[in-house]
Amino acid sequence: MSSTTATNSPTTVREPMLPSTYRVLRREQETADTVTLTLERDGEALAAACEPGQFNMLYAFGVGEVPISVSAASDVGEPLVHTIRSVGKTSAALARLKPGQSLGVRGPFGNVWPLDDYEGHDIVVIAGGIGLAPLRPVVRRVLERRASFGHLVVLYGARHPSELLYLEELERWRASPDTTLGITVDRTTGVEWMGPVGIVPRLLARARFDPIETGLFLCGPEVMIEPCVREALTRKLPLEQVHVSLERNMHCAIGLCGHCQFGPHFICRDGPVFAYPDVESLLRVREL
Amino acid sequence: MWIADVEFLEALVAGLRQRGFRVVAPVERDDAIVYDEIRSAQELPRGVGDEQGPGRYRLVERGDSARFGFSVGPHTWKRFLFPARTTLFSATLEDEQLRFEPAVLPEQRYAFLGVRACELRAIALQDRVLIGSGHADAHYAALRAAAFLIAVQCGQAASTCFCASAGDGPRATDGFDLALTELLDAGEPRYLVEVGTDRGREVLESLPHADASEADRGAARAASEAAARQMRELPAESLHGVLASVREHARWDDVAERCLGCGNCTLVCPTCFCSKIEDSSELSAKRAERVRSWDSCFSFEYSHLHGGDVRTSTRSRYRQWLTHKLDTWHDQFGSSGCVGCGRCIAWCPVGIDLTEEVRVLCDKDAAAAAPVEGDV
Amino acid sequence: MIQDLEPVVRAHPFFDGLPDELVKFLTGCARNVRFDAGQMIFRQGDPADEFFLLRAGRVSLETHDPARGPLVVHTLEPGEVLGWSWLFPPYRCYWSARAVERARALAMDARCLRRKFEERPELGYAMMLRVGRVLSDRLHSARLQMLDVFHDGDK
Ligand SMILES: Cc1cc2nc3c(=O)[nH]c(=O)nc-3n(C[C@H](O)[C@H](O)[C@H](O)COP(=O)(O)OP(=O)(O)OC[C@H]3O[C@@H](n4cnc5c(N)ncnc54)[C@H](O)[C@@H]3O)c2cc1C
Ligand code: SF4
Chain R
1 MSSTTATNSP TTVREPMLPS TYRVLRREQE TADTVTLTLE RDGEALAAAC
51 EPGQFNMLYA FGVGEVPISV SAASDVGEPL VHTIRSVGKT SAALARLKPG
101 QSLGVRGPFG NVWPLDDYEG HDIVVIAGGI GLAPLRPVVR RVLERRASFG
151 HLVVLYGARH PSELLYLEEL ERWRASPDTT LGITVDRTTG VEWMGPVGIV
201 PRLLARARFD PIETGLFLCG PEVMIEPCVR EALTRKLPLE QVHVSLERNM
251 HCAIGLCGHC QFGPHFICRD GPVFAYPDVE SLLRVREL
Chain H
1 MWIADVEFLE ALVAGLRQRG FRVVAPVERD DAIVYDEIRS AQELPRGVGD
51 EQGPGRYRLV ERGDSARFGF SVGPHTWKRF LFPARTTLFS ATLEDEQLRF
101 EPAVLPEQRY AFLGVRACEL RAIALQDRVL IGSGHADAHY AALRAAAFLI
151 AVQCGQAAST CFCASAGDGP RATDGFDLAL TELLDAGEPR YLVEVGTDRG
201 REVLESLPHA DASEADRGAA RAASEAAARQ MRELPAESLH GVLASVREHA
251 RWDDVAERCL GCGNCTLVCP TCFCSKIEDS SELSAKRAER VRSWDSCFSF
301 EYSHLHGGDV RTSTRSRYRQ WLTHKLDTWH DQFGSSGCVG CGRCIAWCPV
351 GIDLTEEVRV LCDKDAAAAA PVEGDV
Chain G
1 MIQDLEPVVR AHPFFDGLPD ELVKFLTGCA RNVRFDAGQM IFRQGDPADE
51 FFLLRAGRVS LETHDPARGP LVVHTLEPGE VLGWSWLFPP YRCYWSARAV
101 ERARALAMDA RCLRRKFEER PELGYAMMLR VGRVLSDRLH SARLQMLDVF
151 HDGDK
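Protein chains in written order, with my numbering: chain R, 1 to 288; chain H, 1 to 376; chain G, 1 to 155.
It is worth saying that the hints were derived from the structure and are not from the lab. It is possible that some hints are incorrect.
A short, non-exhaustive set of chain R residues, derived as facing chain G with CB atoms under 8 angstroms [stated by the list, open to error]: (1) Val-112; (2) Pro-161; (3) Pro-196; (4) Ile-199; (5) Pro-221; (6) Met-224; (7) Arg-269; (8) Glu-280; (9) Ser-281; (10) Arg-284.
Okay, derived cross-link-like pairs now, DSS-like style, lysine-lysine, Cα gap no bigger than 30 angstroms in a straight line [to be verified]: (11) G/Lys-116 x G/Lys-24; (12) H/Lys-276 x H/Lys-286; (13) R/Lys-89 x H/Lys-276; (14) R/Lys-98 x H/Lys-286; (15) H/Lys-364 x R/Lys-89; (16) H/Lys-276 x R/Lys-98.
Glycine included, every Cβ here is placed at the ideal spot set by N, Cα and C.
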């Protein structure tokens, strides 16, 4: 490689770390610690389309910037939708934003759930906790293009019934044609919840799908991956058809800061969605 | 190739300064050779050499008048092209109006005098990461496009050098505007000059020089051959896929016993590019700033996820550093991330020598016998 | 009566792969039971004298805390089985079981089963394999629940 002079003319390179200004259009309190924000661009320049699986970097003024998946797909210029769980200083600052308040947005970044590869197939979506946020756009897309896919199975695990996201929408999914919805919680008092108690992979064991013609999309805590894969294997689902979304610390989202490395991958750029066989051996390494 | 007297250096510095460059070159400071701006070639060290070893660096008198008679010191050129701290933007929030003001791109034009072959290669590697892999870093790209590079061919290697096996050293063949080989006859040195670019030629033509004789060329070749005799080396075959296949090797525990996790190796490494982004606001809470600064994979926060850090053991952090540098860098950027400058060996307070670690980690016979961590 | 139940026993997934002859041999221990929504099937500390094979409806395994009320640790779906305390002394129920909704099950007499396992060790082995599988799944499941994986906010 010839490196005598850098080829890029400095003035034409747009600073990729510079956010655009957005405003909170709507704020829905999903659970005690989680909100869904609808964000509208403040200014006329067009924003890019956000596809299921992608994420934006959301900047809370003076506090910090964190990766947050799109919880609804959006077309060029349409408002962005993000579901944020308050777990630390930046996510808390974002979750506190009220309609009319401003924040910064960079993105979208990352790859997409390979839904298009599974046209005509059954779709199994497995979500744990906040992991439903990046998968909601997948479910919506399947339901929008109902005829293009086979049976839809949505399996969702949460800690407690009070921590379930998108309650009304879940009911609509349950009532949708050719759709199975399974929800399970880890703990409950038995007064507030009549549904299953236990772990998500158990739902997978009972789910109806044709293993040969199924795409499985999984997002949740990393410890959930192995039990689900194990169940998928029991059901004879080829593991190339399993896709997982991973997360690691992320500062720049454009493959320059180094933080999100996972073996050879930059999760921000090569992910966050990976075919399971591509990360299987890496997931076994501790503290990678 | 051309030949020039020692006065050439003074004319070169003056000529570059006239053209608006800030000339940065090796200078002696606090018992080390560091890189700083010079106004005159008089500021170059004279007759200074160095002795380096694992965890060891000291300057020595050479007893001659060499201006470049040392190997690389603790500084790297990245401190100019990729400064340790860069403000990326400021933002204001008033009456619910959030506005971003990008930082002005740097306008400095640097001329680096005394860039070694390993450092040219390091700059090329950083170009690949920071400009050539999708999203260009505008600050780096601006500084890099303007920089004028004058290489100096090494006439000797430090005991810590291994560019002959790691990179394509010790002789720089491209990537420079001008390259000098210091010829040490009795008295003042002379310089064999090579031209790498048109702008290098343009600068050279304005300076006193003559055609090089066959004897001068021969002397330059001999100097490079001397520098190629190196004590340390990396395995001849590529390490791509090799270190990643020994992630559970017992040697990682062994090196973790010695490593302090101080991160010195990442600071002195000319290719380490990791950075962190920090957002802060003034007390008034009306103005905020984003600053990017160097980060190290040896820090705990580097791998922070809400709920905890991923790499809490020194073992995992050293493994990340070495595996990334020598192995997964291939996957990401198509080559090794190590240029063989040996800084991490000399500046490691406990003298950890990566060539030795690699030798043990890649020893196939030993690896077969090494216990493997098993899940219970 | 007994003749009527044989196809029902055979149809339960728990007995998948068990030779017909052994299914027939077991059927004598079985009876059909129904539970209304909310009805307790057994309580913590009760004698564990029956093995339940759930056929319809959801059943919860729970304990009770005076301040917090019923605490559900696990639920069972049709096709799953309820209880193994009947296999080991002191034959006492560890948890309480309650029908969350209307439920139907096969109840098999524990004494009768144990006697038949002694009589036909190959039946005992086949049954132990099945119970072992259930135990293993429940154990993994319980461990994961214990890890509280969705609550990673403050470690
Ligand atoms: C691709 C991707 C998509 C995500 N999508 C969502 C989503 O839709 N909704 C949601 O609520 N959360 C999502 N997260 C997690 C979210 O980014 C973290 O919860 C958030 O960064 C925590 O930051 P904090 O400042 O509040 O917490 P702190 O614990 O104070 O974290 C300090 C810093 O560490 C880094 N960090 C901490 N946790 C994470 C993490 N899990 N991932 C990456 N960096 C982290 C950030 O730089 C953060 O500013 C996603 C993460 C990734 C990588
Ligand atoms: S290898 Fe040496 S320099 Fe690097 S972190 Fe460990 S002790 Fe510090």
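Sort out which numbered hints this structure fails and list those numbers smallest first. 1, 2, 7, 8, 9, 10, 15
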